Amino acid sequence: MDSGSIVYMHTDVLHQTEIVDILTKPETSRTSNVPPYKPKANEVYLFQTGADDWKCDQYLWINNGTKSVTIGNDVLKKHFYKIRLPGTTDKTNGRKRPVGSLQFKKTAYSLKSNKSLILVHYEGDETVYVPVSHGNSKKSHPPEYTRTAPSVLRKIEQDIRSGEKTAMDVYRESISNGSVSGEHQGVLSLIYWKICLDVKANEDVSLAASGFTRVVPMF
Numbered sequence: 001m002d003s004g005s006i007v008y009m010h011t012d013v014l015h016q017t018e019i020v021d022i023l024t025k026p027e028t029s030r031t032s033n034v035p036p037y038k039p040k041a042n043e044v045y046l047f048q049t050g051a052d053d054w055k056c057d058q059y060l061w062i063n064n065g066t067k068s069v070t071i072g073n074d075v076l077k078k079h080f081y082k083i084r085l086p087g088t089t090d091k092t093n094g095r096k097r098p099v100g101s102l103q104f105k106k107t108a109y110s111l112k113s114n115k116s117l118i119l120v121h122y123e124g125d126e127t128v129y130v131p132v133s134h135g136n137s138k139k140s141h142p143p144e145y146t147r148t149a150p151s152v153l154r155k156i157e158q159d160i161r162s163g164e165k166t167a168m169d170v171y172r173e174s175i176s177n178g179s180v181s182g183e184h185q186g187v188l189s190l191i192y193w194k195i196c197l198d199v200k201a202n203e204d205v206s207l208a209a210s211g212f213t214r215v216v217p218m219f
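What the sequence shown shows, in full-length UniProt numbering, is residues 1 to 219, in sequence order.
In short, the hints are calculated from the structure, not lab data. As the structure is a computational prediction, the values presented were derived from the model and not from experiment. All clues stand as given, with none of them false.
Only pairs whose alpha carbons sit at most 30 Å apart, straight line, appear in this in silico DSSO-like list of lysine-lysine:
(1) Lys-38 / Lys-155
(2) Lys-78 / Lys-155
(3) Lys-55 / Lys-25
(4) Lys-67 / Lys-96
(5) Lys-67 / Lys-38
(6) Lys-78 / Lys-105
(7) Lys-40 / Lys-105
(8) Lys-112 / Lys-40
(9) Lys-40 / Lys-55
(10) Lys-67 / Lys-82
(11) Lys-115 / Lys-82
(12) Lys-40 / Lys-67
(13) Lys-112 / Lys-55
(14) Lys-115 / Lys-40
(15) Lys-55 / Lys-78
(16) Lys-25 / Lys-38
(17) Lys-112 / Lys-67
(18) Lys-25 / Lys-105
Across the chosen pairs, the derived CB separations fall in these ranges:
(19) Glu-183 / Asp-52: 17 to 27 Å
(20) Pro-86 / Lys-40: 14 to 24 Å
(21) Met-168 / Ser-101: 33 to 43 Å
(22) Thr-17 / Asn-63: 18 to 28 Å
(23) Arg-30 / Ser-133: 30 to 40 Å
(24) Val-132 / Thr-24: 33 to 43 Å
(25) Arg-154 / Glu-183: 16 to 26 Å
(26) Asn-73 / Ser-101: 34 to 44 Å
(27) Gly-65 / Thr-11: 14 to 24 Å
(28) Gly-87 / Ser-162: 37 to 47 Å
(29) Gly-50 / Ser-162: 13 to 23 Å
(30) Thr-11 / Thr-70: 16 to 26 Å
(31) Val-13 / Asn-73: 18 to 28 Å
(32) Arg-161 / Asn-73: 35 to 45 Å
Glycine residues also receive a C-beta, built at the ideal position from the N, C-alpha and C atoms.
Modelling step: build the complete structure from the supplied sequences, incorporating the hints.
What follows is the structure, given as structure tokens:
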């Protein structure tokens, strides 16, 4: 596991008093700054982050609601997720929805007074998860879906927006980043060139909508 991702503790039950205690008096030596790779049930992680990178644990989840609890002068917010399984289900309105299961779930906790500190607890059985391949891949054995961290995408956008680097420059720098461990390739760095193209296209649309143009070679 990446040195920046540390299991804070192991437990099958996390009581609210423990949650608040950890969030108000965290052990900084056990705080993670990168997402774990496919964490297991009963693992608890504490993330110090200004982004949603903690969500990129390489599972696919379905948002299962939120709940807020007032504790003294603060508010504890809980975000619930259930694991996504293959297939879809039909709803009464005819729209298809992804299939979810509570056999494996995660809950993220944060205090209103410090939203950058996130406590995440995984529960259930992680083996129920079925890996999903990239939808646009034409390979006979396509690679597993990898979600790139939001902070990485923002950095790409900033580099392309500056006009000092082409999309290909940004891509080459990212894939040659030796500080990123193998399991975090594609999460904390890029493995797909198309991501750079998509970011560049979105940035060009934003510039056009603002009435600006930019002439920068793509390669």
